[in-house]
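Asker: These are the residues of each chain, in order.
There are 2 protein chains.
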Amino acid sequence: MHILVTNDDGIHAPGLLALAQAVRPLGKVSVLAPDRNWSASGHVKTLDRPLRVKEMPLEDGTSAFATDGAPSDCVALAICNFLGEKVDLVVSGINPYANLGHDVTYSGTVTAAMEAAIWGLPAIAFSLDSPKNHLTLADFQAAEQVARQITRAVIQNGLPEGNLLNVNIPFLPMNQIKGYRLTRMGLRVYHDKLDSRVDPRGRPYYWISGDSPTGIPERGSDIGAVADGFVSITPLKLDLTAYSLFPELNQWEWDQEIGHPLLESA
Amino acid sequence: MHILVTNDDGIHAPGLLALAQAVRPLGKVSVLAPDRNWSASGHVKTLDRPLRVKEMPLEDGTSAFATDGAPSDCVALAICNFLGEKVDLVVSGINPYANLGHDVTYSGTVTAAMEAAIWGLPAIAFSLDSPKNHLTLADFQAAEQVARQITRAVIQNGLPEGNLLNVNIPFLPMNQIKGYRLTRMGLRVYHDKLDSRVDPRGRPYYWISGDSPTGIPERGSDIGAVADGFVSITPLKLDLTAYSLFPELNQWEWDQEIGHPLLESA
Numbered sequence: 001m002h003i004l005v006t007n008d009d010g011i012h013a014p015g016l017l018a019l020a021q022a023v024r025p026l027g028k029v030s031v032l033a034p035d036r037n038w039s040a041s042g043h044v045k046t047l048d049r050p051l052r053v054k055e056m057p058l059e060d061g062t063s064a065f066a067t068d069g070a071p072s073d074c075v076a077l078a079i080c081n082f083l084g085e086k087v088d089l090v091v092s093g094i095n096p097y098a099n100l101g102h103d104v105t106y107s108g109t110v111t112a113a114m115e116a117a118i119w120g121l122p123a124i125a126f127s128l129d130s131p132k133n134h135l136t137l138a139d140f141q142a143a144e145q146v147a148r149q150i151t152r153a154v155i156q157n158g159l160p161e162g163n164l165l166n167v168n169i170p171f172l173p174m175n176q177i178k179g180y181r182l183t184r185m186g187l188r189v190y191h192d193k194l195d196s197r198v199d200p201r202g203r204p205y206y207w208i209s210g211d212s213p214t215g216i217p218e219r220g221s222d223i224g225a226v227a228d229g230f231v232s233i234t235p236l237k238l239d240l241t242a243y244s245l246f247p248e249l250n251q252w253e254w255d256q257e258i259g260h261p262l263l264e265s266a
Numbered sequence: 001m002h003i004l005v006t007n008d009d010g011i012h013a014p015g016l017l018a019l020a021q022a023v024r025p026l027g028k029v030s031v032l033a034p035d036r037n038w039s040a041s042g043h044v045k046t047l048d049r050p051l052r053v054k055e056m057p058l059e060d061g062t063s064a065f066a067t068d069g070a071p072s073d074c075v076a077l078a079i080c081n082f083l084g085e086k087v088d089l090v091v092s093g094i095n096p097y098a099n100l101g102h103d104v105t106y107s108g109t110v111t112a113a114m115e116a117a118i119w120g121l122p123a124i125a126f127s128l129d130s131p132k133n134h135l136t137l138a139d140f141q142a143a144e145q146v147a148r149q150i151t152r153a154v155i156q157n158g159l160p161e162g163n164l165l166n167v168n169i170p171f172l173p174m175n176q177i178k179g180y181r182l183t184r185m186g187l188r189v190y191h192d193k194l195d196s197r198v199d200p201r202g203r204p205y206y207w208i209s210g211d212s213p214t215g216i217p218e219r220g221s222d223i224g225a226v227a228d229g230f231v232s233i234t235p236l237k238l239d240l241t242a243y244s245l246f247p248e249l250n251q252w253e254w255d256q257e258i259g260h261p262l263l264e265s266a
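These protein sequences, in sequence, are chains A and B. In case it helps, the working numbering puts the first sequence at residues 1 to 266. In case it helps, the working numbering puts the second sequence at residues 1 to 266.
Hints are not guaranteed to be accurate.
Any copy, or any two copies together, can satisfy a pair, since identical chains are not distinguished.
As a list, the in silico DMTMM-like pairs of lysine to aspartate or glutamate whose alpha-carbon atoms are at most 20 Å apart [what the hints assert, rightly or not]:
| no. | residue 1 | residue 2 |
| --- | --- | --- |
| 1 | Lys54 | Asp199 |
| 2 | Lys28 | Glu253 |
| 3 | Lys86 | Asp192 |
| 4 | Lys132 | Asp35 |
| 5 | Lys193 | Glu85 |
| 6 | Lys86 | Glu161 |
| 7 | Lys54 | Glu218 |
Rather than coming from a laboratory, the hints here were simulated on the basis of the structure.
Next up, chain A with everything else stripped away, as it sits in the complex:
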């Protein structure tokens, strides 16, 4: 069992070290992560410039590689056999903030796991729902245990191809975590606002500002589970097709501007 550990916060993030230590008892571990923070970067693949990779041991002295590419690039490098050995499982994180609801499409932590799933590998994204700004390794103590248990379960039970798990862990001591919940993606509520300013030369510029996203803590959702003190495990799939819309779209009225406006659901 060869496990790739990556993240979107960069090689020096304490969450990466926590995750590496979490999965080390479960197999051979390789760490390959970005050399800087890529938060809110989305699903990036770097094709227009070459990538550098350098060895850069983790704080506990174990071997690791840092690249100037994005989180998904780390996965792509490993899948293209950069490590000289096939990868069997990809784990990403532990992100110091939650990745709940629609966060998943922005999240470098989750899109790294998606990249692995696209290539047919089982993958898990781990995030800690921390309210704090600067975390230390000690803050990840419970999350590390959770990550180990869930990764072990994935190794034991397997994950169907094209799927990944998005795990969010409440920021609580181990004995206060209430357990696990299987959840659906919830509904984030974003509070973006435009903050228009004028620079010293009189030219306008704009910040996308506003409060951090909140969420509707519905029962059954990832947001609800974490709010209730549970570890949220959301199985995700790569197929975004809204199959339920097919009947409705088939009944739409269409102009006849085009020669063949026939809707044919095949």
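Here the structure of chain A is known, so what remains is to put chain B in place on it, guided by the hints.
Answerer: For chain B alone, kept in the frame of chain A given last:
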């Protein structure tokens, strides 16, 4: 009907002009697009630096705005009322390459439409399955007609909240396009390879290279429809939850390392 037109190829792309011209008969049109190419950028939201926006008319002399932000930032700016008037519909493209199968998570064209859907707006991403490298406005002639017809249909029929359409148009003259097909996301086959090189100073660097992605042209998939000469219309949703995995995950064996390993699907 106030329509926002954006893209990921930048304000000067002929596909943006084609799309603006396509939808101009359908309502009031505002164009706000990145000032450079953001292809394969994924779903980015720029929070760590301010954005600049400048007026930059399109080639046909109509008003448009260019920003140094990402495609999703264009949508966020418009939703945060940068244009001074509420947006009712977002159209993105016309991308000069197809966005089929798993391309959608990487694609700036599609993630711009996703950003709109997250905010509850109907949105459509348009891509042309062109084999060519450099396209002119004339190359988008058929795609422009298709984009107008589909946008009109969305305005007439409405699109349920949280959904978007991903449209791929074959690179054919209008009279050779066979019609429309409602499709599901197909399976891309990526051919990434690692190209390891050594720089003039003896240090290694790496290109993610290999042939362009191909696809399995299955019947019913976006890839199959475009290969058959049809316009592919794939309804997408923002909820990536793999509901079908719930029963299986509920039956997994779990270690008892944690106090409460109870799986509770709520």
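Asker: With reference to the structure, classify each hint as holding or not holding.
Answerer: Results for each hint:
Only between protomers do Lys54 and Asp199 lie at most 20 Å apart by alpha-carbon distance; the minimum there is 14 Å, versus 39 Å within a single protomer. In this homomeric assembly, Lys28 and Glu253 never come within 20 Å of each other (Cα to Cα): the closest approach is 57 Å inside a single copy and 22 Å across copies. For a Cα distance limit of 20 Å, the shortest separation of Lys86 from Asp192 across copies, 15 Å, qualifies, whereas the shortest one inside one copy, 42 Å, does not. Taking the shortest Cα distances, Lys132 and Asp35 never come within 20 Å of each other, neither inside one copy (22 Å) nor across copies (35 Å).
Only between protomers do Lys193 and Glu85 lie at most 20 Å apart by alpha-carbon distance; the minimum there is 15 Å, versus 47 Å within a single protomer. When the C-alpha separation of Lys86 and Glu161 is checked against a cutoff of 20 Å, the pair qualifies only within one copy, where the shortest distance is 16 Å, while the shortest distance between copies is 42 Å. In the homo-oligomer, the alpha carbons of Lys54 and Glu218 never lie at most 20 Å apart, since the shortest distance is 44 Å inside one protomer and 42 Å across protomers.
Hints 2, 4 and 7 from the earlier list are contradicted by this structure; the remaining hints agree with it.
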